[in-house]
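> Can you make the complete structure from the sequences, with help from the hints?
Protein chains in written order, with my numbering: chain A, 1 to 59; chain B, 1001 to 1142.
In short, the hints are calculated from the structure, not lab data.
Glycine included, every Cβ here is placed at the ideal spot set by N, Cα and C.
Heads up, a few of these hints could be off.
Label-pair restraints from in silico Cβ distances [as the list claims (entries may be wrong)]:
no., chain 1, residue 1, chain 2, residue 2, range
1, B, G1117, A, T28, 45 to 55 angstroms
2, B, I1087, A, E14, 15 to 25 angstroms
3, B, V1105, A, Q4, 49 to 59 angstroms
4, A, E29, B, R1047, 48 to 58 angstroms
5, A, E3, B, S1069, 18 to 28 angstroms
6, A, A48, B, I1087, 21 to 31 angstroms
7, A, R46, B, V1027, 35 to 45 angstroms
8, B, S1069, A, T28, 14 to 24 angstroms
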Amino acid sequence: MREQRGLSQGQLAEALGVSRQTINSIETERYTPSLPLAMALARFFRQAVEEVFDADGTG
Amino acid sequence: MSSERQPEAQRPSGHRDWWTTKWVVPVFSVLLGLVEWVAFAVGGDARAGAIGFFITAAFGALLLLGGRSESIRGMRGDGRDERWAMIDLRATALAGFAVIVAVIVGFIVEVGRGRSGNPYVWLGALAGFTYLIALLIGRWRT
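In structure tokens form, the structure reads like this:
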């Protein structure tokens, strides 16, 4: 989803106020974001949280 | 009091808590080193204090001059987000567990040698009391 919009991990991280490592960890499913961050991600991509993350809670 | 960085959409523009600036941990390191130096000097070994000061000051300098390393920024405070807060919490818990184990072992060894067990008794009591208070506060607040 991020790549489709031509964004780097750093750019997405900057937009959301987190580190690039955090974005990377979310994408590689090593870290599950908190509800506020998950909602911020969904809001950023203008998608529902369920569409941003899989049903099992991973990205 | 939280050191987590909120997502950009929820964070007030320009707001940064004072403890999340890049200066806090380095300055604390230098001050701690100074206190250590004075303590050693009072105890009659200023040279050892100086060595300790330079070690902690060097650590503070490393954090301050660590550039854009995300790991350095995470330890320093200004690069912390919720993931770093989680990492820090787990690392602190593990360190606390290690110290508690050392205190228990120290107490057992001291008592086994026929001594009073001090200061391990008081350290263990402090740890246990702090843990209980933290549990009660956490239960009350959530």
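> Evaluate each hint against the coordinates.
Hints and how they fare:
1. A C-beta distance of roughly 48 angstroms is found between G1117/B and T28/A, which places it inside the suggested range of 45 to 55 angstroms.
2. For the hinted restraint 15 to 25 angstroms between I1087/B and E14/A, the CB-CB distance of approximately 20 angstroms keeps it satisfied.
3. In this structure, V1105/B and Q4/A meet the distance hint of 49 to 59 angstroms, their C-beta atoms being roughly 56 angstroms apart.
4. Between E29/A and R1047/B the beta carbon distance is about 52 angstroms. The supplied range of 48 to 58 angstroms therefore holds.
5. Between E3/A and S1069/B, the C-beta spacing of about 25 angstroms keeps the proposed range 18 to 28 angstroms intact.
6. Range check, A48/A to I1087/B: Cβ separation about 29 angstroms, and the 21 to 31 angstroms hint holds.
7. About 42 angstroms separates the C-beta atoms of R46/A and V1027/B, a value consistent with the hinted range of 35 to 45 angstroms.
8. Separation of S1069/B from T28/A is about 20 angstroms and conforms to the stated range, judged on CB atoms against 14 to 24 angstroms.
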